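*Asks:* The primary structure of each chain is shown beneath.
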Amino acid sequence: MYSEKVMDHFANPRNVGEIENANAVGQVGNAKCGDIMKIYMDIEDDKIKDVKFKTFGCGAAIATSSMATEMVKGKTVKEALELTNKAVMEALDGLPPEKVHCSVLAEEAIHSAIDDYYKRSGISLGVEHNCSGCCADCSKKNI
Amino acid sequence: MKSVYLDNNATTYMKKEVVDAMLPYLYENFGNASSKFYQIGREAEQAVASFREKIADILGAKPNEIYFTGSGCEADNWAIKGIADAYRNKGNHIITSQIEHHAVLSACEFLEKHGFEVTYLPVDEYGIVNPIDVEKAITDKTILISIMTANNEIGAIEPICEISEIAKKHKIIFHTDAVQAIGHMRVNVNELGVDMLSLSGHKFHGPKGIGVLYIRNGIRISNLIHGGGQERGKRAATENVAAMAGIAKALEIATNDLDENIKKLTEKRDRLIKGISEKIPYCRLNGPVGDNRLCNNVNFSFKYIEGESILMLLDMKGVAASSGSACASGSLDPSHVLLAIGLPHEIAHGSLRLSVGDDTTDEDIDYVLEVLPPIIERLRMMSPLYEEVIRNS
Numbered sequence: 001m002y003s004e005k006v007m008d009h010f011a012n013p014r015n016v017g018e019i020e021n022a023n024a025v026g027q028v029g030n031a032k033c034g035d036i037m038k039i040y041m042d043i044e045d046d047k048i049k050d051v052k053f054k055t056f057g058c059g060a061a062i063a064t065s066s067m068a069t070e071m072v073k074g075k076t077v078k079e080a081l082e083l084t085n086k087a088v089m090e091a092l093d094g095l096p097p098e099k100v101h102c103s104v105l106a107e108e109a110i111h112s113a114i115d116d117y118y119k120r121s122g123i124s125l126g127v128e129h130n131c132s133g134c135c136a137d138c139s140k141k142n143i
Numbered sequence: 001m002k003s004v005y006l007d008n009n010a011t012t013y014m015k016k017e018v019v020d021a022m023l024p025y026l027y028e029n030f031g032n033a034s035s036k037f038y039q040i041g042r043e044a045e046q047a048v049a050s051f052r053e054k055i056a057d058i059l060g061a062k063p064n065e066i067y068f069t070g071s072g073c074e075a076d077n078w079a080i081k082g083i084a085d086a087y088r089n090k091g092n093h094i095i096t097s098q099i100e101h102h103a104v105l106s107a108c109e110f111l112e113k114h115g116f117e118v119t120y121l122p123v124d125e126y127g128i129v130n131p132i133d134v135e136k137a138i139t140d141k142t143i144l145i146s147i148m149t150a151n152n153e154i155g156a157i158e159p160i161c162e163i164s165e166i167a168k169k170h171k172i173i174f175h176t177d178a179v180q181a182i183g184h185m186r187v188n189v190n191e192l193g194v195d196m197l198s199l200s201g202h203k204f205h206g207p208k209g210i211g212v213l214y215i216r217n218g219i220r221i222s223n224l225i226h227g228g229g230q231e232r233g234k235r236a237a238t239e240n241v242a243a244m245a246g247i248a249k250a251l252e253i254a255t256n257d258l259d260e261n262i263k264k265l266t267e268k269r270d271r272l273i274k275g276i277s278e279k280i281p282y283c284r285l286n287g288p289v290g291d292n293r294l295c296n297n298v299n300f301s302f303k304y305i306e307g308e309s310i311l312m313l314l315d316m317k318g319v320a321a322s323s324g325s326a327c328a329s330g331s332l333d334p335s336h337v338l339l340a341i342g343l344p345h346e347i348a349h350g351s352l353r354l355s356v357g358d359d360t361t362d363e364d365i366d367y368v369l370e371v372l373p374p375i376i377e378r379l380r381m382m383s384p385l386y387e388e389v390i391r392n393s
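Protein chains in written order, with the numbering used here: chain Z, 1 to 143; chain L, 1 to 393.
Among these hints, one or two may not hold up.
Claimed, not checked - So the derived label-pair ranges between C-beta atoms look like this:
id, chain 1, residue 1, chain 2, residue 2, range
1, L, E278, Z, G74, 44 to 52 Å
2, Z, E82, L, P374, 35 to 43 Å
3, L, H170, Z, E98, 40 to 48 Å
4, L, K16, Z, E70, 18 to 26 Å
5, L, C283, Z, G74, 34 to 42 Å
6, Z, G74, L, K2, 34 to 42 Å
7, Z, E44, L, D366, 46 to 54 Å
8, L, P24, Z, E98, 38 to 46 Å
9, L, D291, Z, G17, 40 to 48 Å
10, Z, P96, L, H226, 33 to 41 Å
11, Z, K119, L, E278, 40 to 48 Å
12, L, R88, Z, T84, 50 to 58 Å
13, L, E278, Z, N21, 33 to 41 Å
Note that these hints are calculated values from the structure, not bench results.
Bear in mind the structure is a predicted one, so any value in this text is a computation, not a measurement.
Think of the CB as a built atom: it goes at the ideal place given N, C-alpha and C, for glycine as much as any other residue.
Could you build the full structure based on these sequences and the hints that come with them?
*Replies:* Here you go:
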C-alpha cells in the first residue's frame, strides 16, 4: 500500500527528536484524530539551521514528517513557507488517498513552527493552525 | 526471517484434512448437485446432504435447519434482513449491540433507512451485554434480537443463554453471530437456545467463501437469492460442493479437538497477556479476563502511540497482527468496539490485536515478547504525547 520511499522514511525516519532551546516550535493535529505532529526548529538569520520532529500517528504521518523536515532543512524561512503537501507527497512517490491528510498535516506543522518563530519576533502570519479536520468526528463536531 | 502469524481472528490456515476432503469435488466429481439424473450429479447431491447432516449433528440442529451461504457476512445479512422482511407486519424494531460485527451493524443501518428502528445496546467496560438491558429494550414492535456469541476484536463472550431465555419469554426471534466462537468454545444451538446462528468456514481452518446460517424450523425468513431451488429455494446458487465438504470437515475437526484446543490456546493467550503486561508500561488489556474471553484473543492498547505504526514495525519483524486504529481500518474513526467499551479515541488508536492459533508455538510467543517492547518504546520515543511522561518520570 505504501511506496518504497514512504517505507524508507517510516523505517528510518530522518530528524526525529527535540531541539533544546528551539526558537520555533509548532504542533498540529490532535490525539482524537490519531495524529499529532510537533516540529522544532533552530532558525538563525531567517535560515532553518536545524529541524526535528516528534509524531504520534500512522506510518504515513511519520514518513511525511520525516520528508517534510528533510525538505525544509537548510532552507530560508520564506522557502519553507512555500512547502506544500503536494510537494511532500511527490517526494514520497505518492500516498494512498486516505493518507493525503498526513501530508497536509506535515505542511501545517512546518507552517505552524514558522508562525511561532514570527510570533516570537513580534510578527504574526495571522494563520490559524488547527487539526486539518482529518476525521469524521472532528469535522462533524468541529472541535 | 522468522514468520509469526497472530491474526487468527481474521482468518486461519486451511488444515490438510480439510483440503483433502475438498479435492475430490474439485477434480473427479465436478457434478452439479441439482442434476440428479446421472451418477456424478447424484453423488454430489448425496455429498451435500451428508455435509449438511454432519454440520447439523455437530450444532445440535436438524439437517433441514442448515443453510449454506457464501460467507459469514452473508449469513448475518440474510438473518437480519430476511427476518425484518418476513415479520415487518408484526413489528419494525430490532435489538442488537454496539459491538457487533459490521455485517450485523451495517445491515441494521440499512434497515433503519427502510422504516425499521434499531436499538444498539451499550456494553460494559469489558464488552459484555447486560441481559437486563436486552429485556428493557423490548417493545411490542420488537421482531428480532441479534447479539454475537463472542466478539472478534476483544474476545468478549456474551451471555447468550440468559439472553435467549429473555427472547423466548417474549417470543422474539434470537439470532447470534457465532463466527468467532466456533473452535474456541462449545456451540450447540439448543444449549444456547438461539433461533438462528451464523458461521464462517475460514475462521476455523476451513475454506473462505462458505458460511452457514442455522434457521430453527418454524421461523419464517424471506428468500435471499431468487433463482433455482437450492437450499430449499431460499438461497439459489449451484452448490459449492467442495467448499461445503471443507466447512463440514473443518467443523468436525474443530469440535473433536475442542477441549484440548481450548486448553492449548488459553495457555498461549495467557502467556502473551502476562508477558506484555509485565514488559510494557502504560498498556491496557481490552476485553474480559479469564473464562469470559475467547481462548485465542489478545487485545492491548498502548498509550501515546498509534496502531498502524505498530503493525508496520511488527510486519518488518515478520509478525502478522491487526489493530483497531482508524488508520489500520481504513476508516476515519477507531474501532467501534473499543469506543463502546469506553476507551477515549487516542487510546483506541493505539490498539493491537494478537490472536493465536493451534500452530502458534512457545517460540513464537517468546519472539513476539522479545520484538514488541522495543517497537512500542521506539514509537513512544517519537511521540510528542510521551514527552511529558518522560519529563514527569
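*Asks:* Look at each hint and say if it fits the structure.
*Replies:* Structure-based check of each hint:
no., hint, in the structure
1, E278/L / G74/Z: 44 to 52 Å, "holds, 45 Å"
2, E82/Z / P374/L: 35 to 43 Å, "holds, 38 Å"
3, H170/L / E98/Z: 40 to 48 Å, "holds, 43 Å"
4, K16/L / E70/Z: 18 to 26 Å, "violated, 50 Å"
5, C283/L / G74/Z: 34 to 42 Å, "holds, 40 Å"
6, G74/Z / K2/L: 34 to 42 Å, "holds, 41 Å"
7, E44/Z / D366/L: 46 to 54 Å, "holds, 50 Å"
8, P24/L / E98/Z: 38 to 46 Å, "holds, 44 Å"
9, D291/L / G17/Z: 40 to 48 Å, "holds, 46 Å"
10, P96/Z / H226/L: 33 to 41 Å, "holds, 38 Å"
11, K119/Z / E278/L: 40 to 48 Å, "holds, 46 Å"
12, R88/L / T84/Z: 50 to 58 Å, "holds, 54 Å"
13, E278/L / N21/Z: 33 to 41 Å, "holds, 38 Å"
Comparing the model with each numbered hint stated earlier shows that hint 4 is the single one that does not hold.
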